[in-house]
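In order, the protein sequences belong to chains H and B. If you read the first sequence in the working numbering, its first letter stands for residue 1, the second for the next number, and so on. If you read the second sequence in the working numbering, its first letter stands for residue 1, the second for the next number, and so on.
In case anyone wonders, no lab produced these hints; they're calculated from the structure. Be aware that one or more of the hints could be misleading.
Here are the simulated lysine-lysine pairs, DSSO-like style, with alpha carbons at most 30 Å apart [what the hints assert, rightly or not]:
| hint | chain 1 | residue 1 | chain 2 | residue 2 |
| --- | --- | --- | --- | --- |
| 1 | B | LYS211 | H | LYS10 |
| 2 | H | LYS75 | B | LYS149 |
| 3 | H | LYS62 | B | LYS187 |
| 4 | H | LYS181 | H | LYS139 |
| 5 | B | LYS172 | H | LYS87 |
| 6 | H | LYS139 | H | LYS17 |
| 7 | H | LYS36 | B | LYS12 |
Listed below are several chain H residues computed to face chain B (Cβ distance under 10 Å; list not exhaustive) [what the hints assert, rightly or not]:
| hint | residue |
| --- | --- |
| 8 | ILE6 |
| 9 | CYS7 |
| 10 | THR11 |
| 11 | HIS28 |
| 12 | LEU29 |
| 13 | GLU65 |
| 14 | GLU169 |
Note that beta-carbon positions come from the ideal geometry of N, C-alpha and C, so glycine has one too.
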Amino acid sequence: MPHNEICENKTDEELVKLTLESQDFYIHLMQRYEQKLLRYIQRISNFDQDESEDLLQETFIKVFENLNDFDKDLKFSSWIYRITHNKVIDHFRKSKRRPDKILWEDNGELINNIMSEFDLEKEMDDKINKKEILNNIKKLDFKYKEVLELRFLEDKSYKEISDILKKPEGTVATLISRAKKQFHKEYEKR
Amino acid sequence: MKNDNFVQDILKTIQEKNIKPKAKWEFMIKNWLILLVGLIFLIIGGLAFSVIIYLLKNNDWDLRMQIGHSLISFVLLSLPYLWLVFLIIFIAIIYYDFKYSKKGYKYSWKIVVGFTVLISLILGILLYNIGMGQAIENTLTKKIPIYQKMMQHRSDMWQRPEKGILPGTILKVESDKLFILKDLRNKEWNVHLEADFIPTRVLIQPGEKVKVMGEEIDKNSFRAVQIRPLFGPPERLKGQVKGIHLPLRSK
Chain H
1 MPHNEICENK TDEELVKLTL ESQDFYIHLM QRYEQKLLRY IQRISNFDQD
51 ESEDLLQETF IKVFENLNDF DKDLKFSSWI YRITHNKVID HFRKSKRRPD
101 KILWEDNGEL INNIMSEFDL EKEMDDKINK KEILNNIKKL DFKYKEVLEL
151 RFLEDKSYKE ISDILKKPEG TVATLISRAK KQFHKEYEKR
Chain B
1 MKNDNFVQDI LKTIQEKNIK PKAKWEFMIK NWLILLVGLI FLIIGGLAFS
51 VIIYLLKNND WDLRMQIGHS LISFVLLSLP YLWLVFLIIF IAIIYYDFKY
101 SKKGYKYSWK IVVGFTVLIS LILGILLYNI GMGQAIENTL TKKIPIYQKM
151 MQHRSDMWQR PEKGILPGTI LKVESDKLFI LKDLRNKEWN VHLEADFIPT
201 RVLIQPGEKV KVMGEEIDKN SFRAVQIRPL FGPPERLKGQ VKGIHLPLRS
251 K
């Protein structure tokens, strides 16, 4: 593997530039994102390991082919997540399936983040099982879950979510606010 | 990863298949094409607006009461729906074109559509002022029969001889006091120009589409008090023309 030490301190954007000069540098970019993107693919698609890895391979090749189209106004991570997201959606289209499930790990930090964003801390009492929150999240429409996944599991900002999903920032905020409303509705039903 | 050499294998595939990043110019051409399509449709949208402005401005609003329509029904009858549909289609194309541009997704559809309408309107006003609206309308009316049929509803509302308005096409000029007119329902009328006729700058010659205002004398005769073009202001008279040239009444 070339230039291991040099590349460690390079930003993604610098690595893109280097990759365009020599494709060997691409390995460093792939290494940085392989785990993150594989997890992302599995979360939003529910595909098994093999199907997810195939999709990731296709994604990395597509990213490589389109490196000259990388918009320097974007973060590289937003751009590569966008291509991955589009690849998953295309894959669903080709197989005539629809994405509906997102894998939500039972993660304490995630629950705390959701509670904080959804103003649930005040309403929380000991009787409420945190798993119940996760179950209610799973009942939300896919368009909401997709945004919440990027917000809470991938830890993306509104701007990054906007760049990944190619939706205006205002729409991202609206989706999160609607998800919150839908969540509260489900929460009140219990 | 099941395969520990996952990324190494991808790089190997890239090398073996000789996959290269697409050239910058390919993306530039794509982006320029998107921009070009947007600009073309913005101009077409402006042209559509200029025709709409022309049609609405030259709609003889002063005669609304005479044909007995409320303002709302008159507006609904006068609207050039064909052009409005065109305009909506052009705006939709610009919207989708913009959405596919690099930064298009950052703006909400309300902002994109709002700006598109605004720019098309401004362009439409400019084009109207240099006579594009009238030129397009006249060309389409004369050269494309189906266009006339599609805009028929706008002339039909003027077919009110009993209310003193008779639209139609001049068939024959018998004398400087009489011509034959075929109305919109293909009925022929003798139109008499009498002493109280108010001259206007309309060319009275066979083939002219006019709107005669006056009074129904009997089933086949009409007394003209004033004559206007069926739509729009009178065309500029060019060179020698056969027929009666009635100068525009000065106010």
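* Given hint LYS17 (chain H) paired with LYS139 (chain H) - CA-CA distance at most 30 Å -> Judged against 30 Å, a Cα distance of about 43 Å means the pair is violated.
* Does ILE6 (chain H) pass the interface check with chain B, least Cβ-Cβ distance below 10 Å? -> violated, 17 Å
* **Hint consistency between LYS75 (chain H) and LYS149 (chain B) [alpha-carbon to alpha-carbon, up to 30 Å]** => It is violated: about 56 Å lies between the C-alpha atoms, which goes past 30 Å.
* Does HIS28 (chain H) meet its interface restraint, that is, does its C-beta lie within less than 10 Å of any C-beta in chain B? -> The hint holds - HIS28 (chain H) has a Cβ within 10 Å of chain B, the shortest such distance being about 9 Å.
* Asked: Within 30 Å, alpha carbon to alpha carbon, are LYS181 (chain H) and LYS139 (chain H)?
  -> holds, 13 Å
* Holds or violated: LYS36 (chain H) to LYS12 (chain B), with C-alpha atoms at most 30 Å apart -> The hint holds at about 21 Å.
* Asked: Holds or violated: GLU65 (chain H) as interface residue toward chain B, Cβ cutoff 10 Å?
  -> holds, 6 Å
* LYS172 (chain B) and LYS87 (chain H): Cα distance at most 30 Å? -> violated, 71 Å
* At a threshold of 10 Å, is the proposed contact between CYS7 (chain H) and chain B supported by beta-carbon distances? -> violated, 13 Å
* Would the stated hint for LEU29 (chain H) survive a check requiring a Cβ distance to chain B of less than 10 Å? -> The hint holds - LEU29 (chain H) has a Cβ within 10 Å of chain B, the shortest such distance being about 9 Å.
* Proposed proximity, LYS187 (chain B) with LYS62 (chain H) (alpha carbon, max 30 Å) -> violated, 70 Å
* For the hint on THR11 (chain H), does the least C-beta distance to chain B fall short of 10 Å? -> Given a least distance of 19 Å, the restraint on THR11 (chain H) is violated.
Checked against the numbered hints given earlier, the structure breaks hints 1, 2, 3, 5, 6, 8, 9 and 10 and satisfies all the rest.
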